[in-house]
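Novice: These protein sequence lines map, in sequence, to chains A and B. Taking our numbering, I'd label the letters of the first sequence as residues 1 to 333. Taking our numbering, I'd label the letters of the second sequence as residues 1 to 560.
For the record, the hints were derived by calculation from the structure and aren't laboratory data. The reader is advised that the hints may include incorrect statements.
To be verified - Pairwise CB distance ranges, derived in the manner of DEER restraints: (1) 93/A <-> 409/B: 34 to 44 Å; (2) 191/A <-> 346/B: 49 to 59 Å; (3) 422/B <-> 121/A: 32 to 42 Å.
Glycine included, C-beta positions come from ideal geometry on N, C-alpha and C.
Read off the chains here:
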Amino acid sequence: MHARVWSRLRRSPSATAGGALVLALVTFAVVGPMVARHGPLESDFVHGITDRQTPIGPCAAFPLGADRLFRDVFARLAWGARFSLVVAVTSTTIAILLGSLVGVVAGWVEGVGTVVPWPLFVGAMAIASAAALGRPLIAWAVAIAIVLLVASGRTRGPRIDLDGWLMRLVDVMLAFPFLLLILAIGAAFERTTAATVILTLGATGWLGIARMLRAKTLQVRSLDYVEASRALGQSNFALIVRHVLPNVSGTLIVSATVQVAQMIVAESVLGYLGVGISPPTPTWGRMLLEGQEDLTSAPWLVVAPAAAIVLAVWAFNMVGDGLRDALDPAAEV
Amino acid sequence: MAGVCAVCAVSALGSLPLGCNQAAPAPIPGDSNEDAPARRGGILHLASFQDIRNLDPAGPSDGLSAEPQHLLFAGLVDFDDRGYLVADLADHWEIADGGRTYRFVLRQGVTMHDGSELVADDVKRSVERALHRTTPNPNASYFAGITGYRAFASDLTDHLAGVSVEGRYIVSFHLDEPDATFLPMMTMHTLRPVCRSAGDRYRDDWTPCGAGPFKFAEWQPGTLLRLVRHDAYFRPGLPFLDGVEWSFNMQLVAQRFRFSEGELDVLRDLTQSDQRRFAADARWKRLAGVDADKRVYGESMNTRMAPFDNVEVRRAVAAAIDREHYRLLAPGYMTVLTQLIPPGVPGYDANVAGQRYDYAAALEHMRKAGYPYDPATGQGGWPTPIVYPLYDRGLLVFTAQLLQEQLARIGLRIELRLMSWQAFLTLQERPGAAALSQGAWEMDYPDPSSFFDPLFTTGAIPEAGHNVAFYSNGRVDHLVAEAHRELDPERRRDLYREADTILCDEAPWAFAYGYHRFYVRQPYVRDLTPHPVWPLEATRAWIDRVSDAGFARLLRGAIR
């Protein structure tokens, strides 16, 4: 199986080109900051400036020119690549984990009434939110309430349609505009940091994955051999781990690859709109925003981050396409 | 250069609308010849990358709000086009009691925007409304010299004793002491008469109404403001324009595109490259210019918050800022400023020993403050990051990053925190909220007191003023008050020189730069010249274009 997938991947031009670009991007993010002659936050008022007192264009000392604060655009682009990749990969991981959990559980329990210890779930979420917002008293109060509930044996909730509840949750979250959500989270934390960007992107990126995996799980659940395993007495957990997850892993891998590209765009959009991480941290979106005013006099300030965003997104999408083709059983016919 | 053009070639391949030496757009000519008489009609379209905060002259204001406020509200006195003080709503005034009483005789038959006639009672009511304790008026401290102000501002009396109505059209202001700056201060928008609908006390929901040349039509906060001509304006035949319209929060590049298309009539927020292009283009030479150097920008340090409650830390900051680096952000338009008064303001004194960049001295001040910093190891300095609030517009986002870099070299670590412009202003005026932030001020009237009074006197500490450094120095208060009483120009200059020297030494602000505002107008905009005091004076401006922007576009398209 793996050998066949690998073989198909190697034969796919888009996967090969995309993979090479992704490799180049990762190399740039890792090696670029090491080989840059300047720090990303370091202004050079001696060499980064022209006789007309404007930022210098691309030259040996500044391969991609200097920005308005006479900083090395190459160094900032490389550090921005590092930031973008870390944010995109981490938030995608969060989104995949959340989406998989919700999607597979929803698909598996569809049509079956489920008893959920909801006070424990709600309590845990309230404690986490209160702690994150710096309200320890509320967190402690909720924790004590949970202990009392457990002691009195009232943690079991009524039998509910868990699938319906989870999908309505997805509907509600999809109704929230993404930017509004990140502004609200930024306001709650009083500032936007890398962590809040990652959490926000992760917390909003799982919705589509959950829907897709639910559908896939429904499909797998009704297969004969899964029914047979269930009849033989295998537990739900074992059935999901042994039969569902292997069957949805291909879909998941393709989704993750495409999701990374989307996260890179989302992070850049946040930076461009000025609601991402605060300056002077170099991010591609922020570089685009700060460079656009000098579009005609110093085009390198816009071209460099714009090209980086386009190439990165293109690369991950091509890898995603290649993976989809390679993992699709229909391709064997 | 080859590299630059290589990048241009790459961008052209990417279909980006770039050009290495893109020319300025062609001016859109007017319909008449140069000496054509002014005629009525047309809307003046303006834009800004900022937003306005308030239209009520008694409320919190900002540089941009002053533009519509000036057109909405007329004052008893005003500055004319040459910067001379002249009567406006007042027919004339008399000074009595050794300079302690100013008696204004109002013009008769002045119609306000609501159709009522302006009388002396309106003046008194407007003054009391603006200076009442419940009014969030940051300019109230300017008028502390009016007799009875303290009692009125403390709510001990219902009326301001120092303002008396002596007839239907006569109103007098009584001062505790003679004040050389009283008449210039009366030109400010704060005390300008407002309609009776404003009531006796400040309200947030009041629709602006005054006696200015234009009246309020529509305001969509954050987006648009529209004023229309006040047909019953007391100066016959004026204004010429049908209205004035501002668009807010508009990106600089978008403003330039709209200006090129004739959808904006005046371009005042330009990118550096656009400024250079317009300034170098002969076609625009006559239509472009810069206004006077009447703004001061610096880093305001809250003297009540650590570590800036320590004067040595403030001195360290003042010495650590390389002002020449600030200037390089907009060469030609930014000027290095080492003292409070900008060179374009009457009373500027080149002999003031200002603040200077001296890195060794900055490190020494940090050592004296008890926070020695070793640049070689990066050890020492102030132990915790200092939050620096900023909004994501204009030069501030660049100067903030420069400041962060420069202060890191003396052991002060700055954490930049982006927020909205309104949040920034609110935070800055709240005690204990912002330890370090950008200070900015533009001349209200041509006198040094326009800078000293609102920014550095004890009485101007928020809520009553703009003293966002929360700075209080008895000697400075005394010198500024003495300068108000002093009528001899040389003696006043000496007093302000001493006050400025104290400020430069104690450094509640690290003074950094001044800024000339570049503007360019389309040829069809007539008689709109920069005013020596006000940011916008459009009473005599007119539009020499019958067609609107959309029609002009169609026409140009058809010709092509």
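Novice: Take the hints in turn and mark each one as holding or not.
Specialist: Hint check:
1. The hinted window of 34 to 44 Å between residue 93/A and residue 409/B holds, with their beta carbons roughly 38 Å apart.
2. Range check, residue 191/A to residue 346/B: about 43 Å between beta-carbon atoms, so the 49 to 59 Å window is missed.
3. The given range of 32 to 42 Å is respected by residue 422/B and residue 121/A, whose C-beta atoms sit roughly 39 Å from each other.
Checked against the numbered hints listed earlier, the structure breaks hint 2 alone; every other hint is satisfied.
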